[in-house]
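**Q** Start from the sequences and build out the full structure, keeping to the hints where you can.
4 protein chains.
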Amino acid sequence: MTKPLNIGLVGYGFMGRTHSNAYRTVNNFFTPGYHPVLKAVSARDAVKCQAFADQWGYESIETDWRKLVARKDIDAIDICTPNNLHKEIALAAAAHGKMVLCEKPLSMNTADGEEMADAVEKAGVANTVWYNYRRVPAVTLAKQIIDSGRMGKIFHYRANFLQDWTISADLPQGGAALWRLDAAAAGSGVTGDLLAHCIDTALWLNGGISNVTAMTETFIKERKHNLTGKVEKVEIDDACSFLCRFENGSLGLFESTRYARGHKALYTLEINGEHASMKWDLHDLHRLQYFDHKDEGIVRGWRSIHVSDSDHPYMKHWWVPGLQIGYEHTFIHHVADFLQSLTDGKPCAPTFREAIETQKVCDAVLASAKSNQWANV
Amino acid sequence: MTKPLNIGLVGYGFMGRTHSNAYRTVNNFFTPGYHPVLKAVSARDAVKCQAFADQWGYESIETDWRKLVARKDIDAIDICTPNNLHKEIALAAAAHGKMVLCEKPLSMNTADGEEMADAVEKAGVANTVWYNYRRVPAVTLAKQIIDSGRMGKIFHYRANFLQDWTISADLPQGGAALWRLDAAAAGSGVTGDLLAHCIDTALWLNGGISNVTAMTETFIKERKHNLTGKVEKVEIDDACSFLCRFENGSLGLFESTRYARGHKALYTLEINGEHASMKWDLHDLHRLQYFDHKDEGIVRGWRSIHVSDSDHPYMKHWWVPGLQIGYEHTFIHHVADFLQSLTDGKPCAPTFREAIETQKVCDAVLASAKSNQWANV
Amino acid sequence: MTKPLNIGLVGYGFMGRTHSNAYRTVNNFFTPGYHPVLKAVSARDAVKCQAFADQWGYESIETDWRKLVARKDIDAIDICTPNNLHKEIALAAAAHGKMVLCEKPLSMNTADGEEMADAVEKAGVANTVWYNYRRVPAVTLAKQIIDSGRMGKIFHYRANFLQDWTISADLPQGGAALWRLDAAAAGSGVTGDLLAHCIDTALWLNGGISNVTAMTETFIKERKHNLTGKVEKVEIDDACSFLCRFENGSLGLFESTRYARGHKALYTLEINGEHASMKWDLHDLHRLQYFDHKDEGIVRGWRSIHVSDSDHPYMKHWWVPGLQIGYEHTFIHHVADFLQSLTDGKPCAPTFREAIETQKVCDAVLASAKSNQWANV
Amino acid sequence: MTKPLNIGLVGYGFMGRTHSNAYRTVNNFFTPGYHPVLKAVSARDAVKCQAFADQWGYESIETDWRKLVARKDIDAIDICTPNNLHKEIALAAAAHGKMVLCEKPLSMNTADGEEMADAVEKAGVANTVWYNYRRVPAVTLAKQIIDSGRMGKIFHYRANFLQDWTISADLPQGGAALWRLDAAAAGSGVTGDLLAHCIDTALWLNGGISNVTAMTETFIKERKHNLTGKVEKVEIDDACSFLCRFENGSLGLFESTRYARGHKALYTLEINGEHASMKWDLHDLHRLQYFDHKDEGIVRGWRSIHVSDSDHPYMKHWWVPGLQIGYEHTFIHHVADFLQSLTDGKPCAPTFREAIETQKVCDAVLASAKSNQWANV
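Protein chains in written order, with my numbering: chain A, 90 to 466; chain B, 90 to 466; chain C, 90 to 466; chain D, 90 to 466.
Note that these hints are calculated values from the structure, not bench results.
The structure presented is a predicted model; accordingly, all values stated were derived computationally and were not measured.
Be aware that one or more of the hints could be misleading.
Copies of the same chain look alike in the list, so a pair counts if it works inside one copy or between any two.
Claimed, not checked - Okay, derived cross-link-like pairs now, DSS-like style, lysine-lysine, Cα gap no bigger than 27 Å in a straight line:
| hint | residue 1 | residue 2 |
| --- | --- | --- |
| 1 | Lys383 | Lys368 |
| 2 | Lys353 | Lys405 |
| 3 | Lys232 | Lys435 |
| 4 | Lys383 | Lys313 |
| 5 | Lys242 | Lys383 |
| 6 | Lys128 | Lys92 |
| 7 | Lys353 | Lys368 |
**A** Structural data, given as structure tokens:
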């Protein structure tokens with residue numbers, strides 16, 4: 090007897106699809122005590138919104154998210170809009186006592202994030218931020234390995250997120266699928282879009298970051314803006330890299346860009362500890378590379394772990410060893426954990442409060458890049 | 090306005106799950122003109138069958154597949170039983186005018202397969218066999234590359250399917266999930282279970298096989314039988330390899346085993362042509378390795394193609410470049426193609442008739458292994 | 090005080106260069122008790138032979154190998170000629186009481202090989218065959234791992250040697266560097282040239298082979314012959330594959346070709362044992378892939394061992410960990426071991442007698458391919 | 090008729106061995122017009138020095154480098170000492186009109202380097218610095234690809250050099266093989282030892298660096314000092330990373346450490362250009378990864394180039410395609426190029442003057458790490 094959880098989705102873009110798929114699929118593979126009901130989806134364009142609802146089985150649509158958050162038949166609001174709308178929707182949803190699941194990054198900046206965290210906490214509603222890569226089985230396994238003590242003292246953490254889709258100067262900015270290039274909608278460029286993922290995972294795996302020195306660049310200075318039709322200055326960062334010190338004494342190095350030819354969505358991370366090291370990358374997300382210095386010398390080497398066995402995180406719910414799952418499953422895992430957290434009465438990480446930590450690092454990174462000085466987080 | 094297609098599923102094991110997931114998901118990503126309705130599932134154990142129906146949303150259950158195939162509200166029978174039941178169910182389904190989707194291998198032998206093909210053709214019902222690996226995007230891409238003429242004359246084709254799950258002598262045979270070790274239920278061991286996949290893909294990519302010389306082995310001679318409780322002789326082949334000649338003049342080499350430590354489900358294939366070569370393996374199924382001799386010499390090398398772009402087979406229906414799909418999607422693709430074939434009034438490959446070709450090769454392989462002589466297909 | 094060992098080299102082709110380099114270099118890295126002296130090189134073309142002698146520091150030349158083997162100042166004859174001359178030179182060298190180092194394959198067939206082994210044993214002279222791949226550190230490490238018992242019972246052995254240099258129909262056969270395509274000089278095609286390497290390693294690592302079923306093919310039926318200037322039938326095998334049973338009960342699968350586009354010299358081998366598996370390939374010869382089932386489940390995976398540590402075979406003589414050696418070093422290792430064997434008064438494997446075993450398998454393979462029957466070794 | 094070049098080597102450590110091997114081997118594979126003669130080696134310990142001379146064939150020894158540089162029978166001085174002796178020896182050698190080949194880094198700092206460059210230029214003697222990785226064939230190929238214009242505008246350059254040999258706190262510093270941990274002898278830690286390599290290659294491939302922001306760390310604060318026998322503060326940098334801007338507008342990111350478990354000597358570099366990208370790493374130094382966006386979309390992927398064909402840099406001098414060379418060959422190539430440069434009357438890059446550029450970047454990096462400010466180069 091699972092309980093229904095009525096979902097109201099705001100936004101039907103790429104993330105709207107991944108979340109909808111997760112809601113529809115989760116109960117075939119997991120038994121978390123609740124089952125999502127696709128109650129309504131909201132977007133300004135009624136025709137497109139209805140088509141999306143038909144495709145995914147939403148019972149109804151709204152063309153104003155304010156109406157959606159006010160509906161009595163909705164239990165949880167899922168925010169899949171551009172970043173600049175996160176705060177207003179979250180505050181309204183909390184005010185109506187709705188649970189809130191918010192796409193990352195949580196907010197345009199730390200101050201907004203704190204306001205949002207205050208709101209959901211004051212309302213006492215369940216909340217979580219969709220940093221989905223925590224729930225790639227190989228990444229969750231990395232966390233297990235760290236927690237098991239196998240790594241020993243950590244010396245280095247490095248991560249990058251490399252893409253190549255904005256190299257053409259003919260690509261416009263703004264509107265629809267291109268809002269990520271528009272500073273007004275996105276807040277920042279790769280920092281909030283890509284580095285935020287790297288930072289969230291890093292904080293989870295390796296603890297807090299103390300201070301940073303950063304560098305940003307905008308390679309294409311002007312692009313046509315889809316909303317105005319004019320060629321306008323590009324205000325986002327095309328690339329951002331930073332060095333940092335973690336609170337545990339380890340050194341960090343992060344990089345992100347949309348100008349790395351040959352990398353479609355290459356999020357990689359590596360951790361070097363006293364006894365062991367690990368590497369992972371999103372292009373082959375079902376593998377974790379692991380090196381254990383305790384192995385006997387002559388047969389020591391990096392192990393390529395095909396994370397598909399039933400004792401690997403989340404994998405007993407899927408197929409049989411050797412058969413891989415993919416990107417979309419990270420969202421299914423997040424929904425499963427969120428639903429289970431409701432059953433257990435516990436928070437589902439990262440909560441809004443936890444996700445502010447990533448926001449703080451992003452703010453420090455952007456401040457450092459602007460001032461050419463080290464910045465404290 | 091998509092049309093409903095009422096599905097009656099026989100068997101709720103591993104394949105029952107993959108098919109059910111495909112039926113539930115296909116219309117969120119594809120628009121093939123029909124949408125499957127999970128009308129009923131059949132299995133002898135009513136309690137377990139009902140639990141499966143609840144988990145996946147089947148409207149009803151049957152404990153006798155004969156009742157299922159006779160139900161008027163069923164359009165298509167999907168056979169997910171052990172191999173020894175395929176024929177009887179398929180013949181009954183065809184007799185009731187139902188479409189039939191049959192798990193691979195089609196039959197226990199060529200003669201049975203021909204009887205089945207005759208039946209569905211006589212009944213004039215749509216039919217297909219679930220050789221799902223044809224619809225891994227990287228494998229479909231390999232087919233496109235061959236059809237484009239890039240390969241030139243083919244010299245070599247090699248494939249293997251390596252597993253390691255039966256190495257322990259303590260593993261029993263027969264019953265439930267272990268029917269694959271029971272010759273009475275499975276017909277053969279790795280030949281029908283694993284090599285059949287390799288052969289189906291090979292025939293599709295490289296054309297007919299003329300003759301074979303084969304070798305089989307059963308490493309563990311006796312195992313406890315779950316159905317009798319006694320230690321009994323193991324009658325299946327634990328390993329099988331064969332050499333062959335293709336009709337196009339190329340040489341083939343195939344191997345399969347469940348005793349290759351370190352390989353969970355490693356289906357690999359490689360094709361060497363006059364101008365180009367290709368490699369693929371199931372453990373990283375979203376990649377195709379491609380070598381093109383026409384590339385300029387100093388920058389020539391094997392290309393690792395991350396098959397996730399929108400112009401790759403099936404991929405425009407999924408996420409964005411760099412984000413991989415997995416094993417289960419091959420079944421979704423098969424359902425999408427099957428439904429589209431109904432809309433188009435065309436067969437969905439491989440049909441029963443086409444799948445007999447794989448059966449013929451399997452029969453020749455087993456005969457050769459028994460006689461220690463080359464055998465014609 | 091190392092002792093001199095006066096070398097007389099017959100043939101100055103590719104192998105003449107690799108051996109000469111080994112003789113010149115061995116004492117800088119190893120201290121095997123002897124140091125080779127490059128006394129003389131023999132070849133029919135005096136001008137080319139002198140140029141080779143100058144390049145490599147040979148003290149003198151001969152244009153008739155019969156004179157070379159008779160010279161009193163020569164201790165050891167090194168045979169680097171086409172295969173059809175091995176026997177005659179070896180018999181003559183042994184008759185003059187010279188040690189003999191013979192390029193592989195030892196002989197044109199088993200009978201010749203036995204005559205040669207009888208001769209060197211009767212003469213009581215040190216002898217060895219240049220199956221150099223045994224002395225790739227990663228391959229030697231594989232042997233250590235097997236001998237340590239880590240593998241348990243062996244189930245499977247597979248190897249192939251894939252090249253792509255004879256795909257063009259314009260390539261002539263015979264003479265100079267192309268004697269490998271001329272059956273009169275080479276005896277066979279890929280069987281003696283490439284599979285002989287795979288078989289030698291296999292016998293060393295996995296023991297004797299009982300019987301085989303084989304298939305050969307000659308894709309280009311006629312080629313211009315460099316010695317006659319005429320288009321002549323190609324008598325060698327372009328490709329050869331075979332299945333076999335080892336005496337230890339394991340199954341073998343071997344393949345070789347010069348028509349595998351994209352593979353320059355890809356010798357790969359894999360061994361699957363009860364507890365562990367190993368893989369190696371010549372294109373990245375400094376790495377051994379190792380899978381150990383005894384590793385804890387969640388961190389189990391194929392280990393990529395970079396065989397460059399000081400406790401790896403031969404490696405303490407070279408540089409520092411992480412810095413790789415290459416192809417030529419296998420010959421240096423062979424010379425070091427040969428010289429050490431003289432110091433120790435022990436044979437240097439593989440001796441002529443031992444190398445006959447490979448010849449027997451090659452003969453059985455060719456016989457099976459001709460008869461289309463299984464052949465005993 | 091090649092001319093002799095009489096070599097006087099100072100220091101017989103790891104680099105003394107690599108250089109000696111290069112001198113002994115170069116003329117077997119290259120014909121650069123000169124042949125090195127191993128005239129003398131110098132080191133303070135006469136017994137060890139003589140043993141080295143015997144092992145490598147040096148005609149004589151000196152226990153005082155001052156005598157060596159003054160000898161009339163020496164043409165070229167090769168400096169393989171700890172860094173703090175480079176300047177004094179180089180100045181003395183130049184004063185005696187000797188050619189000078191100096192190990193990297195050229196000097197303890199930029200000022201010293203300039204003094205050295207002035208000295209060799211004033212003396213008019215040939216000079217070069219052993220940044221050997223420029224002459225890995227795959228790296229030289231990368232340079233050819235850049236020069237060919239295939240890359241287009243460069244956006245990103247990243248490199249790291251990761252080792253793991255100083256993680257144990259029990260490892261002492263100073264003396265013999267451990268001088269690299271002693272600031273007095275080495276000047277700096279990983280910056281001069283490892284990053285200098287990365288920087289030299291980067292300047293060669295991607296042009297000048299404008300400014301940097303850097304971070305260093307010394308993880309083990311105190312170690313026993315071999316020369317004093319006391320536990321002393323460790324003054325070198327165990328790890329160093331920096332961000333930078335290149336003069337061509339691209340962004341750089343560099344990292345080096347001796348605390349990255351699992352990496353023995355992993356020098357990796359990657360370049361992302363408008364049209365293409367390249368990657369290389371020292372652990373598999375015979376491969377270059379190359380991605381070309383101009384390849385047709387469906388078959389586009391990273392190409393793994395096995396740099397062993399005769400049209401690849403330096404490779405026509407070695408074996409046949411598919412057979413790899415290793416680390417030591419980079420020094421042979423450098424000697425071949427140096428000797429050829431004498432024949433051609435041209436400088437052999439990098440000259441002392443050119444190597445100062447790397448020194449300037451190292452100085453800026455160390456200054457930035459100290460001041461926590463961006464530093465101009």
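**Q** Does the structure break any of the earlier hints, and which numbers would those be?
**A** none
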